[in-house]
Amino acid sequence: NAGVMQNPRHLVRRRGQEARLRCSPMKGHSHVYWYRQLPEEGLKFMVYLQKENIIDESGMPKERFSAEFPKEGPSILRIQQVVRGDSAAYFCASSPMNTEAFFGQGTRLTVV
Amino acid sequence: ELKVEQNPLFLSMQEGKNYTIYCNYSTTSDRLYWYRQDPGKSLESLFVLLSNGAVKQEGRLMASLDTKARLSTLHITAAVHDLSATYFCAGNQAGTALIFGKGTTLSVSS
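Those sequence lines, one after another, are chains A and B. Using the working numbering, you'd call the opening residue of the first sequence number 1 and step up by one each time. Using the working numbering, you'd call the opening residue of the second sequence number 1001 and step up by one each time.
Hints are computed from structural coordinates only; laboratory data are not their basis. Treat each hint with caution, since some may be false.
[To be verified] Sample of chain B residues facing chain A (criterion: CB under 8 Å; computed from the structure):
#, residue
1, Phe1010
2, Tyr1033
3, Ser1042
4, Ser1045
5, Leu1046
6, Gly1059
7, Leu1071
8, Val1080
9, Phe1088
10, Thr1096
11, Ala1097
12, Ile1099
13, Gly1101
14, Lys1102
Beta carbons: idealized from backbone N, C-alpha and C, even for Gly.
Okay, chain B solo, but in the shape it has when bound:
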């Protein structure tokens, strides 16, 4: 059974600094996903990582996947207030639903 763990669960960031969120998963996952959720809102898909070594970037966010270490990271470059939200990683095995981590709540202050 796939288990997904994120850390940290809360991250207080200063504007302009860099941070990393870690996502470990327990067993083989076909794909690794990152989602963003604003308070009271739905989940927005950010990245889908398909294979070992995959790296995707969108604005100040960059996600990477190391399948050998069963680890994905979400790197935030020069944090800005707009990035304040909760970020979830999720994985799945063929034929199964996405399993989510508990989420990392980011708060950016100036």
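Extracted from the complex, chain A is given alone in its bound form:
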């Protein structure tokens, strides 16, 4: 059973471009969470999704950020018109129910 798969592992974008981060949950897991981690800081919750539904997006910036978890395919975190402050590690986690979460390897986004 493969773990949570995130890609790409590293992503470099110029200011103003779009960043798309993908997350394939573990098999059988229908709950997906996205977190952002800045250097030397903890994990900040962004959004919680189940298949085709956003359960809680209270941690997501109102502008430029969006997330989806379609019926088929991976969950996508999309950041439009990236700025330098978006540079961070973005972690996805999944769980079979709203319980223990298993984390992917993360996508390290660098905005230049």
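Given chain A, put chain B in place with the hints provided.
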């Protein structure tokens, strides 16, 4: 809204000695979790504590939960270099995502 606080945030340990990390949370949490993160790596689940008085042990690490005091502790016995990492506690309420503390970075020296 659940808030999770850890202390200390940094801990310099000597090999062979015992230490404790504290995790306080602000309101009822269904479960309490401990994770480990090595530099540049992902988070590895260590313990899930489900109920008051729960105690779990793995090697030199022991986690406990006191729901009345809203406190979990991670106790390190006879620290060794391999334990150097950042440790996070997290809690959640039914139907919500895990909320993490800021993490405690442990450094073990001989």
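Hints, one by one, checked against the model:
1. Phe1010: Interface hint status for phenylalanine 1010 of chain B: violated (10 Å vs cutoff 8 Å).
2. Tyr1033: 7 Å, holds
3. Ser1042: 5 Å, holds
4. Ser1045: This interface hint holds because 6 Å falls under the 8 Å limit.
5. Leu1046: 11 Å, violated
6. Gly1059: With Cβ-Cβ at 19 Å, over 8 Å, it is violated.
7. Leu1071: Since the shortest Cβ distance to chain A is 18 Å, the answer is violated.
8. Val1080: At 24 Å from the nearest chain A Cβ, valine 1080 of chain B fails the 8 Å test, so the hint is violated.
9. Phe1088: Given a least distance of 6 Å, the restraint on phenylalanine 1088 of chain B holds.
10. Thr1096: Given a least distance of 6 Å, the restraint on threonine 1096 of chain B holds.
11. Ala1097: Holds, because the Cβ-Cβ distance from alanine 1097 of chain B to chain A comes to roughly 4 Å (cut-off 8 Å).
12. Ile1099: 6 Å, holds
13. Gly1101: 6 Å, holds
14. Lys1102: 4 Å, holds
Violated hints, in rising order: 1, 5, 6, 7 and 8; the structure is consistent with all others.
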